[in-house]
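Sequence order for the protein chains is P and U. When you read off a place in the first sequence, starting at 1, and then add 1, the result is the number in my numbering. When you read off a place in the second sequence, starting at 1, and then add 838, the result is the number in my numbering.
None of these hints come from the bench; they were simulated from the model. Computed from a predicted model, the values in this text were never measured in an experiment. Treat the hints with care, as some may be off.
As the list claims (entries may be wrong) - Using 30 Å as the maximum straight-line C-alpha spacing, the simulated DSS-like pairs for lysine-lysine come out as follows:
#: 1; chain 1: P; residue 1: LYS340; chain 2: P; residue 2: LYS366
#: 2; chain 1: U; residue 1: LYS1068; chain 2: P; residue 2: LYS305
#: 3; chain 1: U; residue 1: LYS1072; chain 2: P; residue 2: LYS160
#: 4; chain 1: P; residue 1: LYS430; chain 2: P; residue 2: LYS254
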Amino acid sequence: MVAEKIKTKQKSTVKIPEMKYNIEKTPDSDRVTQFLNIFAAILKESNYRAALDQYTKVSAKCARCTTVCHVYHATQDVRDIPCYRSELLLSVYRRYFSFEGSLYARIFGGFELTEEHISKMQYSFWNCTACRKCLLECPSGIDHGLITHLTRYILSEMKLTPRALVISTREQLFGLTENTSAIPLIALKNSIEFLEEELFEAFGVNIKFPLDVEDAEYIFFAPVSDYLMEAETLMGIATVLHTAGVSWTIGSKYFDAINYGLFYSDLVLGRVLNKMEEEVKRLRAKKVLIGECGHATRSATFLKTFWHGDDNPEIVNILQLTHKLVMEGKIKIDPDKIKEKVTYHDPCNIARQNWIVKEPREILKSFCRNYVEMYPGGADNYCCGGGSGLVSIDEIRKYRTTIAGQKKAEQIQQTGAHYIVAPCANCKKQIRETLTDNNLDGELIGLHDLILKAIVIKGAKQDG
Amino acid sequence: MDSLLEFAKGPLFRFSFAVMILGLIRVFILSLINGFEAKSKAKDKVIPKNFVTKLTLGFILPIRAFRVKPVYSFISILFHIGLLLTPILLFDHALLFDNSIGFSWLNISLSGTIASNLTLFTISAGILLIILRISDKKSRFISRKQDFLWPLLLLVPFITGYVCGNVVISPLTYKTFLTIHILSGDLIFILIPLTKIAHCVLLPISQWITARAWKFVPEAGENIEKILGKEGQKL
Ligand code: SF4
Ligand code: SF4
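If we strip away everything but chain P, and leave its shape as in the complex, we get:
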């Protein structure tokens, strides 16, 4: 019912806010030639040709994908049809890079790449949150998330990437602080110290955030913004690891799990992961532990691709580790603490392929008596609306929270839950803003924030 209300409000009164992100200054040379040159270079070196070749041949144009895209659901604008968007790039591929297409064009004419077409792609491919939900319904097997990723890659080589992402990435790769939030090491140390004090105050136990410990079992990379915005999540994680006696460390030279490369550039993806690799090797950690973050976890799986040598470490997401610890009885969580209704939002990057879906649910159900599913959930979940880097672009907040996030808002309302658990830095920011901007009830919270409220710590002082 409430969902209906939001929907009608959307449809009747709210105009679709512009989805125009800011870019840095663009070079003024011929953009069409640039685009084609970059596209050619990418096709030559990468593996995308296989997919494009296939997609141009099989697309059925059946419009099934329109039924599940949260963006199209909100805008009802035909230009947001997944198959239409992907066709923007596929038509360029067909015309200039496929044998049949270029032959046909030479004889009969037809599509030509223009400035206008490039502008269309520039915005359209940042409307899609690359959540890949539409892949689940496409009988032709077309992965619009892949096409979005590739097109953004081409656009990034033309400097048409949202400025917000470029600035963060530049700081991460070439800046002094080497992380996307530009947190200097000294600030990180202060923040860690502060968190340790908070934990001591709360429980009377010394819970540490180990820094630069060599040969640890796990080296921990959080999405670095957590150190600024998600203190509770980090404290929850440290407490779980402390209680279970896990050997872990944070690296002082490189500690950011965020990798915007997954959203717009294979070059960035690889370079960021090489920084991670250096730090893992420096501290000789055995496994890589990623914090509560979907895209960071998925991008870390590409470590296997970019690692020099074959001894790449295992990638573990904190949900998987905590799940294992709960199941083995190494941590106990008090089932009487959380009385409110709890629901769970699946971050696309870890749920879409049914990868980390059951673990968080089993953890939650082990101590939340009043757990309800969001529908649809798991691999079929809807994107929070801030996926694929959109959440970091502040100038499009209105678009994100009223359009891209509309479906999620409806879903959340339908559960009637008090706590909405979202174990992902992106989803957390996006859902919080969506709740605020749409005046919705409910509290967005991380999984480990919730665990922190109920975990049983040996030697802890009794609280009220």
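Once you have looked at the hints, place chain U with the ligands on chain P.
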């Protein structure tokens, strides 16, 4: 007329049938090569097999089809079944194959009412699909010319075939219809590998290709910078 008919069901039929088979083999092998090339260039070669299998089988069988647009899916599935079964299993077709390529399945072929009912089903499903495509704003918007023309073209042999098999008409009309029937069939055969109908052999490997394309080439990013003359540049 007689010689055209003979030509259409003799040499032209053999030719177009060969074009279809060889063309489909070609596109399938090209896609396979693409996929395996991607595999050899990638460093991480492990793909999510369960996910790929689930989606591939889900649409071939087609258990997943009804998750969204159930009506459209149902009609589309009927249409596909009709398209596949009627031309292959019809007694007269089996005979044609027997005569022209010396190989057939006369003993399992359909004749009489089953075949004509199947044909009617297919024709109705085809017409419904066209109506659905035209009446829905979304489908209409993304459709290319071939998406409207294909169902129309596919209906030609079905309608003419039905008329020849079930309606009492003058011998001349019969021959004309039969000629159109066979000619359109030949045309369809030739077009299949060149158009979206190639999905009949490509679909089973779509998900696999997607999974392969997600496995990146380690040096690609840096090599692309070199090709573009951007080596050493800071973003
Ligand atoms: S990937 Fe997600 S946002 Fe993009 S078109 Fe598909 S469903 Fe829509
Ligand atoms: S579901 Fe697939 S084939 Fe159908 S319109 Fe969408 S992308 Fe195209």
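Hints, verified against the model:
1. P/LYS340 to P/LYS366: 12 Å, holds
2. U/LYS1068 to P/LYS305: 26 Å, holds
3. U/LYS1072 to P/LYS160: Holds, at about 12 Å.
4. P/LYS430 to P/LYS254: Satisfied, since the Cα-Cα distance of roughly 26 Å is no more than 30 Å.
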